[in-house]
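Protein chains in written order, with this note's numbering: chain C, 1 to 434; chain X, 435 to 886.
Just so you know, not all the hints are guaranteed correct.
One-sided excerpt, in silico: chain X residues whose CB lies under 7 Å from chain C [as the list claims (entries may be wrong)]:
(1) 467
(2) 477
(3) 479
(4) 493
(5) 512
(6) 719
(7) 805
To be clear, the hints were calculated from the coordinates, so they are not data collected in a lab. Predicted model only: the values in this text are computed from it and were never measured. A virtual CB, placed ideally from N, CA and C, is assigned to each residue, including glycine.
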Amino acid sequence: MERVLDAIKGKAEQAEIFEVSTQIVPVHFEANRLKQIQSKESSSVALRIFKDGRVGFAFGRGVDDVKNLIDMAVETAPFGPSANFEFPSSNDYPDVAVFDSEIPIITMEQMVELGKQLIAKVREHTPELLCDVEVTKGVSSVHLVNSQGGEARWDKSLFSINLEGVLMKGTDMLFVGDSDSSCRFFTDIDILANRIITQLELAKSKAATSTKQLPIIFTPRGVASVLLAPLMLAFSGKAVLEGTSWLKDKLGERVFDSKLTIWDDATLPYRPGSCPCDGEGIPSQRIPLIAKGEVANFLYDLQTAALSAKKSTGSGRRSGDRPPAPNISSVVIEVGEDRFEDMLKDMKEGLIVEQLMGAEQGNLLSGDFSGNVLLGYKVANGNIVGRVKDTMVSGNVYQVLKEIIGVGNEARWVDEIFLVPHLYCPRLSVVTRT
Amino acid sequence: MREQFTDILSKCNADYVEIRFEQNQTTQISYRGGKLEEISRTCSSGGNIRALVKGGWGFACFNSGDKLDDYVELAVKQAKLACGEGFTLPSKEPIMDIVEVPVKDNATDTPLVKKKQLFDEYNDIMLTSPQIQDSRIGYQDVNRKVIFANSEGSYIEQDKPDLTLRVTAIARRNGEIQQAGLSLGSVGDFSAIENLHDEVKEVAKRAAALLHAPQVKGDEYTVVLDPIIAGVFAHEAFGHLSEADFVYQNEPLRQVMVLGKRFGGKHLNIVDDATIPGLRGSYRYDDEGMLATKTYLIHEGALVGRLHSRETAARMGETPTGNARAINYLFPPIVRMTNTFIEPGGTSFEEMLGEIKDGVYVRDWYGGTTSLEMFTFSAGEAYMIRDGKLAELLRPVVLTGNVFVTLGNIDTIGNDLGMNQGGGCGKGGQSPLPVSNGSPHIRIRHCVIGGR
């Protein structure tokens, strides 16, 4: 990397090099059978330069030709955004544990065994279930250097197990599934298996619902996919700066139910979303987003922060071959006091939503969502009576989160990056086929 | 290179081995509002080995081909560990070919300054339109050169250029935000996205108009789909069900997708065709080195075909269709669509509307997903239909339903086929894959539209 920095001297005012090498081994089961084992090696270099006051960017994967990379960055610079910030000279970062030395030595055979156990356990409950399972381990090394003396270096490991199951009867299909992930190796597959068995159990019978406004309990998976994913877009400093965030002028205002407290935290030990610093070398921290219903902060990278007269929150995340942009790390909703059983008991007629299909396709900026219930259950007089089908649930994230009846007292990790409890919402629009 | 590959592949202790080596160059440009927000150039090179042993696959990808023998050994070891119930891959005559794709105005060679000037013009048009306060432009061109060789002796070099442009206008009023967009693409031809100033102006007008539009009441309607969203329906709702990798190990789904089964009226024909020149889903050979084909999925209302890789065709005893594709060397090929469309019928758009007392006309799309039998797709724009005529503009709507029921409910097919080149398909973590889809206007009875 030093040789790249040397080669740039004289060609640019400032430079930053972000190098990643990864090794990932996914073991893939299809329709209950071991199907494919992969090994993926990849190394990449991202180069960002300031030239004549503008930012140039180039990315190379598996490319040794430093000169070509520099030429590409120089070529883009005249068209790039203006360089309104400095690369940080920091070298001092919090200790964030994200590497487990056991992961590099796990064998493919061990991973195959775990996958087999998981499938066997779930099919003990429902033998006809067709499971696709992926057991994945990964290790990556990151090295960041810039011309201002800043440097960061860390190793990260990842282990995850994902199951997607389909149960077919005629043309009726039931989709179940869940996943667990950590930077640490784990062998306990019972929690994951039991969550899927619960889904299968609750979906055993079918129930009809009606077209009207109904209360809904979102499970942690439902909260993450339907509510949290679109909500997080509004916390991007970029969306705020451009004025597209629904929250742009609401900093410090109480926009949400006072039972709602949410933060972003890149320092949580052994979480895939964690790291000692962001993709630009700004130390990781915990950032309150919603404090008792009040909008507390937005997320910034260096460039957006400079344009907004703010400080970077250490949220400059890199994805694939793109330059850093503000994004979440791990998002946590603070647990409340309500037991799931009590929320359920309170409900005369309503739905439990685990997954909505197509919810992410609506007008995300406005918060509107509308999706078909892929996995959800009807509740009547405090009891789950069966699975609902052919049913659309529609609402607006900001309206839904303005008034919440209950926040669950237990949270779990969903999709690697969301730690969330159940949320009990008073009314959403439900449309069903008659 | 060819001799090196042949030498390595011929020594392997596996039923089948292939190597794919690629060199890619990408340019990405994005605008947010008036500003060019991001511009980047990317180059990537690397390859992979895929090995088959008694039905189990091993796959190893790498950046540097220096230790090719080691990767071959690793992939074979993985395949042996994954092996189980075998299947026999019917052997194939080796193919030797070098495919160059002629591009009229190659985007990779187009200077950045010319690209920027065009997008600045489009952006100015949007941002100077009434009530438009923001805009987005996302552009990407890719030049992909792929070398493929396998243990049967095939050796193929192919160019796979691609280009996409998405233009979005965002209108805002009193805290309300609405947007409209245009998705375009071509086989690496920059001139395909030039001179669209009028269309861009229209996008801005549509976004502004949505601010004043009411929300539709959620209910069942007779719905007319424009070629864009009907194409999304053909791809998402039905096309994915025709991918044999979903079907072959799933006995109940196999029962549903039995060839010969009737899914729609005699007027319904759905095709996947990778051989049409100039469309983004087209190619000469797929990523298993199989010749591209035109495949009828539904013919005169009946299921007549599905999309195959070599493996799924062998396992189901059907003919391979050359539909195994990978987005790049980091992924193994899987069964994918190419250019998927509903063939035109004989009814004009006006005739189609004329018979509807109370319905909804939906246009354009935000996206669509499917979970086999169930689909949802989002229309970017919608209008009420009253007494056979288009009436007021509505807020964007989401349509949902069961694909089998919905195919049967298509009662009229228009005469105005349109292909949408702006799409990208995602499956198995591989996204976006260049595809196109299309349809004429179609009419569907009893379609559920979500609202409040």
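Next on the checklist: Min Cβ distance, residue 467/X to chain C: is it shorter than 7 Å?
Outcome noted: holds (5 Å)
Item to check | Hint status (Cβ of residue 719/X to nearest Cβ of chain C, threshold 7 Å) | outcome: Because about 22 Å separates residue 719/X from the closest Cβ in chain C, which is outside the 7 Å limit, the hint is violated.
Checklist entry - Are residue 477/X and chain C close enough, Cβ to Cβ, to be under 7 Å, as the hint says? => result holds (5 Å)
Item to check | Interface hint outcome for residue 479/X [beta carbon to chain C under 7 Å] | outcome: Residue 479/X check passes; min Cβ-Cβ to chain C is 5 Å, inside 7 Å.
Next on the checklist: Quick check on the hint: residue 512/X CB to chain C CB, less than 7 Å?
Outcome noted: holds (4 Å)
Checklist entry - With a cut-off of 7 Å, does the beta carbon of residue 805/X approach a beta carbon of chain C closely enough for the hint to hold? => result Holds: closest Cβ of chain C sits about 6 Å from residue 805/X, inside 7 Å.
Next on the checklist: Tell me if the interface restraint on residue 493/X is satisfied: Cβ within less than 7 Å of some Cβ in chain C.
Outcome noted: holds (4 Å)
When each numbered hint is compared with the structure, a violation occurs for hint 6 only.
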